[in-house]
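Number of protein chains: 2
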Amino acid sequence: MILLALLLAAPPPPIPTAPPSPTDIAASAPPSAWRPIPPENLLLLETPRGTLAIELAPDFAPAHIAAIKSLIAQGRFNGGNITRVQDNYVVQWAARPAPQGTPKPAPLPAEYERPAAGLTITPLGNPDTYAEAGFANGWPVAQDKTTNTAWLAHCYAAVGVGRDNPPDTGDGSELYAVIGHAPRHLDRNITVVGRVVEGLPAYASLPRGTGDIGFYKTPAEYTPITRVRLAANIPGAPRFEVMDTTSKTFADYKAARANRTGFFIRPAAAVDLCNVQVPVRRAK
Amino acid sequence: MILLALLLAAPPPPIPTAPPSPTDIAASAPPSAWRPIPPENLLLLETPRGTLAIELAPDFAPAHIAAIKSLIAQGRFNGGNITRVQDNYVVQWAARPAPQGTPKPAPLPAEYERPAAGLTITPLGNPDTYAEAGFANGWPVAQDKTTNTAWLAHCYAAVGVGRDNPPDTGDGSELYAVIGHAPRHLDRNITVVGRVVEGLPAYASLPRGTGDIGFYKTPAEYTPITRVRLAANIPGAPRFEVMDTTSKTFADYKAARANRTGFFIRPAAAVDLCNVQVPVRRAK
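Protein sequence lines correspond, in order, to chains A and B. Counting from 1, position 90 in the first sequence corresponds to residue 90 in UniProt numbering; the numbering is continuous, with no gaps. Counting from 1, position 221 in the second sequence corresponds to residue 221 in UniProt numbering; the numbering is continuous, with no gaps.
Keep in mind that a hint or two might mislead.
Claimed, not checked - SDA-like cross-link-like pairs, simulated, lysine to any residue; straight-line CA separation at most 20 Å: (1) Lys145/B x Asn126/A; (2) Lys145/A x Arg266/B; (3) Lys145/A x Ala270/B; (4) Lys217/B x Ser205/A; (5) Lys248/B x Pro20/B; (6) Lys145/B x Pro127/A; (7) Lys248/B x Thr122/B.
Since the hints were made in silico from the structure, they are not lab data.
Using the sequences provided together with the hints, build the complete structure.
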């Protein structure tokens with residue numbers, strides 16, 4: 001009886017609480033853990049499938065992004081088409097051809113990598129098959145410390161510039177978004193200009209192309225592009241924020257991605273670059 | 001004149017030939033580089049989207065695969081549904097509920113990993129973020145040399161057994177296929193029973209689920225399953241072959257995946273486990 005009374009008088013054992021999930025961490029991130037996406041770097045592509053919102057990365061590909069912005073200003077994407085959907089790879093779209101007589105633009109400089117100097121790279125902290133991996137200003141990046149260069153990694157949702165064979169680097173009139181397992185073999189072989197921040201599921205579920213490497217065989221299969229604009233030119237355009245990858249919140253988020261709990265019985269204790277998925281949210 | 005004559009008499013310079021691409025290597029692989037998929041391990045799932053052909057891996061998950069074969073024999077998948085499509089993650093389907101009064105089957109043993117003994121593992125030869133990676137009998141695998149265990153990796157097209165929270169391991173009545181970036185955090189947390197060998201693009205392009213984590217909110221959105229059968233029970237069923245991952249051809253294929261040529265200006269000199277994609281073909 002005394003023993004029982006003592007037991008009853010003891011403080012109750014703590015209720016076990018699950019550590020916060022990656023989703024929990026993103027949902028409760030403080031305002032300081034987010035950086036806004038500048039509206040001049042937010043491309044909005046509209047088709048009957050919905051709006052695809054793409055953050056552009058001028059710190060990595062300024063010349064190609066200037067070319068894309070020029071094409072947008074000329075209205076060249078309006079009336080363009082989604083011409084290719086290759087399963088486990090890419091969805092690709094093309095601007096309208098230049099009007100007859102338009103002088104061919106000068107070739108753009110290769111922007112496959114850039115000096116690492118000037119970037120704050122937060123290391124992934126796990127081995128990467130291809131390079132040293134990390135995050136810079138909210139972007140998944142890889143780097144080569146022998147050449148002191150860095151580049152955007154081809155993760156799910158990365159947006160790149162289609163090109164012909166080298167030395168062509170593309171003129172920005174054909175772009176693609178990754179919709180499959182990260183095709184990291186494309187890193188440093190194609191200019192990455194950004195990533196989709198909203199709307200990709202409706203495009204990743206487009207019917208796969210009927211021809212070679214996912215190109216549609218006939219224009220009747222294309223998804224027509226209504227228009228492409230920059231958010232900076234649209235009053236009331238949606239605004240987005242990306243998690244600051246130098247923040248403690250992001251470190252917690254990355255650790256929680258590597259050490260899943262709840263449903264998981266054996267946390268991986270590691271996570272690969274493209275399985276981290278830097279959080280993006282609509283600005284409040 | 002004499003010089004020109006000499007030059008003309010010299011043998012013509014060799015025409016530069018590109019090294020064979022991964023596709024070339026698979027296309028010209030000798031018959032000895034392939035192993036057949038036994039028809040008793042080939043599951044054929046039919047819906048209005050087409051036939052999904054899945055190779056089962058009883059060397060890795062014998063109990064769960066026996067349970068799946070039992071459900072097939074009972075016709076439990078016929079009239080089932082695709083109930084979940086989560087972007088960059090999985091497409092998932094469910095058998096019909098068991099008839100009322102059916103005794104609940106005994107829980108299955110966990111088959112999250114198996115002894116490495118008895119497997120011939122060809123190393124990937126590149127760092128893997130999660131474990132030591134390689135290939136066993138045509139399957140992408142990872143292993144832990146401290147515990148001498150190995151497991152099937154969650155690459156694109158991997159098929160696993162849905163489950164509730166631990167210690168439940170699933171009963172085989174809910175299965176999923178990976179349609180996004182390899183969710184390797186699921187390795188050793190869910191039983192992988194095989195992989196899709198044909199038909200996945202039509203399923204990876206299904207509309208994404210309208211509810212939480214990609215479940216459709218209403219049954220009206222489901223894709224109905226017409227029937228599920230084993231190829232062994234179908235006269236004239238398609239037959240498939242998987243590349244023998246111990247063959248020289250596969251070694252060449254893997255090297256070519258790591259060192260892309262032609263379009264590529266800077267071969268990665270490495271390739272991650274799930275970016276190799278072991279070739280599968282229809283048997284001739």
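Here's how the hints hold up against the structure:
1. Lys145/B x Asn126/A: Holds. Lys145/B to Asn126/A sits at ~19 Å (cutoff 20 Å).
2. Lys145/A x Arg266/B: Holds, at about 17 Å.
3. Lys145/A x Ala270/B: Holds: Lys145/A and Ala270/B sit about 17 Å apart, inside 20 Å.
4. Lys217/B x Ser205/A: Within the cut-off at roughly 18 Å; holds.
5. Lys248/B x Pro20/B: holds, 14 Å
6. Lys145/B x Pro127/A: holds, 18 Å
7. Lys248/B x Thr122/B: Within the cut-off at roughly 11 Å; holds.
Every hint from the earlier list agrees with this structure, and none is contradicted.
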